[in-house]
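All chains, full assembly: derive it from the sequences and hints.
Just so you know, the sequences run in chain order A and B.
Per my numbering, residue 1 is the first one in the first sequence, and the count goes up by one each step.
Per my numbering, residue 1 is the first one in the second sequence, and the count goes up by one each step.
Hints are not guaranteed to be accurate.
Stated by the list, open to error - Here's a subset of chain B near chain A, in silico, CB distances under 8 Å, partners left out:
# : residue
1 : Tyr-65
2 : Phe-67
3 : Glu-88
Hints are computed from structural coordinates only; laboratory data are not their basis.
Cβ atoms here follow ideal geometry from the backbone N, Cα and C, with glycine treated the same way.
Below, each chain spelled out in residue letters.
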Amino acid sequence: MAFDIAFWLLAIVSVVAALAVVTLRNIFRAALSLVLCFITVAGLYVTLSADFLAAVQILVYVGAISILLILGIMLTRDVQLGSPTNKLRFPAFLAAIVFFGTVAWAVLNTTWGISPQGPLEPTTATLAGKLFGENGYILTVEIAAVLLLAAILGAIVLVREK
Amino acid sequence: MLADFGFVGLFIIVAIAFSALLIILPVVFRYLKIVPYNPNPIKNATFECGMETIGRTWVQFNFRYYFYALIFLALDVLAVFLYPWAVELRQLGTSGFLGALVFIIVIVVGYLYAWQKKVLEWK
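Here's what the structure looks like:
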């Protein structure tokens with residue numbers, strides 16, 4: 001019962017926050033409501049028994065990506081102008097409707113398999129085994145490290161560019 | 001596990017209720033005529049560290065901050081990968097340790113490069 005209330009509360013808040021991101025004129029407020037959307041998505045992960053993923057969502061998205069976004073907004077010159085509408089408003093709306101319709105159709109027409117096994121608790125130790133253990137995905141983890149290295153090098157190039 | 005997160009949810013609910021109460025309480029008090037309402041320009045002034053703001057309140061940040069945000073993001077993702085390894089440190093043993101070591105070394109190369117190229121210095 002409490003679980004259902006939590007799910008619907010989180011779902012409604014996340015959808016409202018996501019709508020606020022695209023409808024708010026003030027781009028800074030849009031960024032803040034995106035942060036709210038990230039937080040509620042973390043809550044949805046908790047309701048799905050994905051505790052580590054929820055922590056990662058808070059740490060990376062709410063902690064770092066939002067800082068990146070807000071810094072990006074603070075770097076732009078005409079923050080006060082907000083997000084002015086342009087001629088692409090209607091095509092963008094059409095594309096979004098088509099995308100939403102496709103996704104909704106796919107979700108409604110898929111027969112979802114439900115596992116009889118209960119959720120794993122807590123997930124962190126099992127994830128560690130998968131990432132760093134024997135027969136795990138250690139190569140993928142190292143590739144992720146190379147990706148992060150590329151991101152750092154890209155940031156350096158961005159700063160050094162005169 | 002869900003019960004543990006229930007406390008987090010309770011904390012968030014209390015935090016929201018407390019914040020809302022602080023905003024609503026003065027309005028209710030004024031409506032009930034418990035507090036007097038005599039506005040003047042000094043009372044209505046925006047308090048910002050005791051100083052009047054000069055010029056626009058929106059300033060354009062230095063571009064260099066973005067670099068630090070990107071570097072911080074990389075460090076954040078590094079922490080995300082290292083946390084599960086640290087939790088299962090003993091069970092994973094030497095192979096897990098070596099894997100994590102390679103992971104850290106690859107990323108430290110980026111930071112050493114940044115240090116060598118002097119992009120961490122503020123000119």
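Structure-based check of each hint:
For Tyr-65(B), the suggested interface contact is upheld, since its CB lies about 6 Å from the closest CB of chain A, less than 8 Å. The closest approach between the C-beta of Phe-67(B) and any C-beta of chain A is roughly 4 Å, which is under the 8 Å cut-off, so the hint is satisfied. Interface hint status for Glu-88(B): upheld, as the beta-carbon distance to the closest one in chain A is roughly 4 Å, under 8 Å.
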